[in-house]
Amino acid sequence: MTRWTADRPFLAVLALLLATAAALPLLAGTPLEMSRYLANAIGQLAAFAVLALSLDLIWGYLGILSLGHGLFFALGGYVVAMYLLKHSFEVTGTVPDFLQFMGWKDFPFYWAGFGAFPYALAVAVVLTTLVAGLFGYVSFRSRVGGVYFAIITQALVYVAMLLMFRNDTGFGGNNGMTGFSVMFGWPMGTSGMITGLAVASLLVLALVLAGCRWLVGSRFGALMLATRDDETRLRTLGYETLRLKLAVWCLSALIAMVAGMLYVPQVGIINPRLLSPELSLEIAVWVAIGGRGHLVGAVVGALLVNAIKFWLSFAAPEVWPFILSGLIVLVVLVFPNGLIDLARLRLVRPMGPRRLAADVGEARP
Amino acid sequence: MTLWRLPLLIAGLLIAAPACAAGAEPAARAALVEKLCGNAGQMGEAAAALSTLAASGTPEEIGWAAPLARAALDKTLACDDTGAVLAATGTDAVTRAPRAPAPDARTPVLSLKNRAVFEQADAALALRSAADPATRTAALATLERRPAALPEGLLEAAAQGETDPGLRTRIETLAQTAALNAADPAARIRAIGRIAEHPSRRALTQVEALAKDPAYAADPAFRQAVDAGLATIRRGIALGDALATLYNGLSFASILFMAAIGLAIIFGLMGVINLAQGELIMIGAYVTWLVQQGLRQAAPALLDWYLVLAIPVAFLVTAGIGIALEALLLRHLYRRPLMSLLATWAVSLFLVNTVRVVFGTQNLQFETPFYVSGGVPVIGDFIFTWNRMFAILFAAVTLLVTWATVRKTPLGLNIRAVTQNRDMAACIGIPTRRVDMMAFGLGSGLAGLAGLALSPIYSVNPQMGQNFIIDSFMVVVLGGVGTIAGTVVAALGIGQINVLIEPLWGAVAAKVIVLLMIIAFLQWRPEGLFAVKGRRK
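Protein sequences appear in the order of chains A and B. Just remember that the working numbering sits 571 ahead of the position in the first sequence, which is counted from 1. Just remember that the working numbering sits 194 ahead of the position in the second sequence, which is counted from 1.
Just so you know, these hints were derived from the structure itself, not from any lab. Some hints could be false.
[Unchecked claim] Interface residues of chain A toward chain B, partial, derived using beta-carbon atoms under 8 Å:
#1 G704
#2 S713
#3 G717
#4 V718
#5 Y719
#6 L734
#7 G756
#8 V856
#9 F893
#10 I894
#11 S896
#12 P907
[Stated by the list, open to error] Derived CB-CB ranges, DEER-like:
#13 W699(B) with Q671(A): 25 to 33 Å
#14 P689(A) with L694(B): 39 to 47 Å
#15 A521(B) with R737(A): 42 to 50 Å
#16 T807(A) with Q717(B): 22 to 30 Å
#17 S884(A) with E402(B): 54 to 62 Å
#18 E402(B) with Q671(A): 51 to 59 Å
#19 Q671(A) with L698(B): 26 to 34 Å
#20 A518(B) with T761(A): 49 to 57 Å
#21 A495(B) with T740(A): 51 to 59 Å
We put the beta carbon where it would ideally sit given N, CA and C, even for glycine.
Working from the sequences, and respecting the hints, build out all of it.
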């Protein structure tokens, strides 16, 4: 792998992210100020890009496709929503809608302490690690992989969705949770808050991108690629791939969780539809379109697909599924490496590692 | 029944002797009419006599008595010295010969107490004599108000003569209630026994109500009968519920099996999971609907047989879609099964939205042919419904045909050969690509048949595929790759466990538990229940 200082696409995207993050607050008050809607959209896109990175890390670099990454995304989202509601309640005294809807007098006992962000963060980290670790351990230990793993993760996220659709779980049920009014003591919905969240999302994205770049460029990254390309040989050579896969899987889940924590305050609502198998499949589509096994590709793919989606959901919502399915077929048949193949057509300067994920194929299940 | 009515009842029974049937009892009839014109006590006796007639009289007597009760209620009875005249028809109340009432005729006035008795007598007579079912239904509604006061034998006789099946069931139910509340303890105990013979939730509520009856505390025989009856009914209901659960599980498993067998064959052959399988099920159901609509236009006489006639159409259409999908898309993705997941998902997205645009999102309306409507009540609340039986039989036939195809035909031999070792099969001259295409067509066609089989049971809309797809994936994961036996056992297991857990903790818990069980199971046998022996990949 090229040294990061020579990885021009990576540096370009990183610079662009940091520049946008700087421009958002600096331009405030000038005639060039971005509208609140645009700033909010940029923040959401950044959260999706973080989510795409998390999937690319295990799919592109480890060859494990998860169709259930929405689970960790939603886990982060639910925890941060609980923090926001509890915190808003403690500051303003507004009782959340879902409590009134269920006719409950008080928060359920497991909401205790969620008013403090460090506690909520700790809970999210522990829960994500626990769920991902347990599920990953039992799956990787019995060497469930490939398509099997993909559909079991899909079932996992589906079951989680059904669970969250229940109204008596104390997490808002099918209406979800909304009405967040205060975050870290500041009111939400103001221009400053929106810009702040967007900048935070961009910075986290830049940080995660750089971190992942460092990881895949390290010796550990080389082992990841080796696991993807020929796990049996690596095992024969004496490497314990179970621990490696488990570590990357948990890391990926944590990144997805962070993405959820960034996303939910910006959209202002969370409901079980975040757990629908469709969203989790869409994450894989962003990565596939951007270029699987290429961190910058995942970021660009997520930004591009979601930008089109945002735009179309205004212009023509009913054609979006057709465009999405067309894009998928195109990517799958014509550009197996996504946008990177476009780059190879010399439309853009060649970039990235010479050995691409799609060139080596996949291990047969 | 109050004591003063007993002698009257006996008298009534005596009057209703065969001699009366000939119509030659003018004296008794005259006496009855005279009582109708008498004081309040006599009028009450007359009403009771009319009720008794309704219970045990001949059709001719009932026909004679019916206008009397009506006239008393409508105040169209004109009493004079020689008897009475029915003002509505201008005939003598006794002989029904035309005559005008005397000038000093008076109309008897009903007391509040007598009005209720007359209403009951009128309803009882109307139930037995009215030609119009609506009138009989209204009469029954009147009778249902005070079941305890009904003359014995009335409802049994009415049920025997009733032609409308719905009304007859209602009459029989009322008869049971009346018997349970009868004055005679022996009759009540007999009634409990009769009710316990057909246990159901309704019977349980009826008998449970008796535990609060004063007789329950007072009469040991009665208490024993009630307790025994309750025990029998509860046992029957439990048995019925168990059978119903098994039956529902079996029908759910049938659908799962049909959805999963195609997936399993394709997965075993090519290592591809078709995420569009659920949408092929949906298309199968829509094709069935189209066949129904086509028949409605072209041949209404055959409309009832649309489910049968749609079988080849649904199979061929979905198989065609499957073959096109394989030839255009999946053929290029054999070395990249994970990408094929995305590709088939794109297809599923496309199909759902196309159907949504073309047909709309609402549920389709299906005719219910006679062979899938209704059912046979077995025990408790378990009804052996024909629509579920249709799905089960359909799945059994599909299983048989699939088994024969895979085991007995050249195509099946090729499929098995390619499943076991693709390279070696290609070496000995098996056209693996064509086998893939045919197998994909077969698997897709089976999904279409699943859609046909579930159209009489579940609601059909563009989203319906998603309800089955994840369960059928789990069937494939659990059953193992490319074995029919594994798919059958896994479908039965998952179907039954789902249905068993559902009433206990709800549908969501059922899904959670099934998933956890599958993950746990994979620890033990990662290749599924019936893995093909071979090197672990």
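Status of each hint after checking the structure:
1. For G704(A), the interface hint is violated, the least distance from its beta-carbon to any beta-carbon of chain B being 14 Å, above 8 Å.
2. For S713(A), the interface hint holds, the least distance from its beta-carbon to any beta-carbon of chain B being 4 Å, beneath 8 Å.
3. A least Cβ separation of about 6 Å between G717(A) and chain B falls short of the 8 Å threshold, and the interface hint therefore holds.
4. Contact between V718(A) and chain B, as hinted, is supported at the beta carbon level, the nearest pair being about 5 Å apart and thus within 8 Å.
5. Below 8 Å, beta-carbon pairs count as interface contacts, and Y719(A) has one with chain B at about 6 Å; its hint therefore holds.
6. Below 8 Å, beta-carbon pairs count as interface contacts, and L734(A) has one with chain B at about 6 Å; its hint therefore holds.
7. With its C-beta approaching chain B no nearer than about 37 Å, G756(A) sits outside the 8 Å limit, and its interface hint is violated.
8. The criterion of a C-beta within 8 Å of any C-beta in chain B is met by V856(A), whose closest approach is roughly 6 Å, and the hint holds.
9. With a least beta-carbon distance of about 6 Å to chain B, the hint placing F893(A) at the interface is held under the 8 Å criterion.
10. For I894(A), the suggested interface contact is broken, since its CB lies about 10 Å from the closest CB of chain B, more than 8 Å.
11. Using the Cβ-Cβ criterion of 8 Å, the hint placing S896(A) at the interface with chain B is satisfied: the shortest such distance is roughly 4 Å.
12. With 8 Å as the threshold, the beta carbon of P907(A) comes within range of chain B, its nearest partner Cβ sitting at about 7 Å, so the hint holds.
13. Checked against the hint of 25 to 33 Å, the pair W699(B) and Q671(A) passes, with Cβ atoms roughly 27 Å apart.
14. Judged by the Cβ atoms, the range 39 to 47 Å given for P689(A) and L694(B) holds: they are separated by roughly 44 Å.
15. With their beta carbons about 43 Å apart, A521(B) and R737(A) fall inside the hinted range of 42 to 50 Å.
16. For T807(A) and Q717(B), the hinted distance range of 22 to 30 Å is satisfied, since their beta carbons lie about 24 Å from each other.
17. Remark: the range hint 54 to 62 Å for S884(A) to E402(B) is upheld by a beta-carbon distance near 57 Å.
18. Restraint check, E402(B) to Q671(A): a C-beta distance of roughly 38 Å breaks the suggested window 51 to 59 Å.
19. Against the hinted window of 26 to 34 Å, the Cβ-Cβ separation of Q671(A) and L698(B) comes to about 30 Å, which satisfies the hint.
20. For A518(B) and T761(A), the Cβ-Cβ distance of about 54 Å falls inside the hinted range of 49 to 57 Å, so the restraint holds.
21. Between A495(B) and T740(A) the CB atoms are about 54 Å apart, so this pair conforms to the stated range of 51 to 59 Å.
Against the hints set out earlier in the document, violations occur for numbers 1, 7, 10 and 18.
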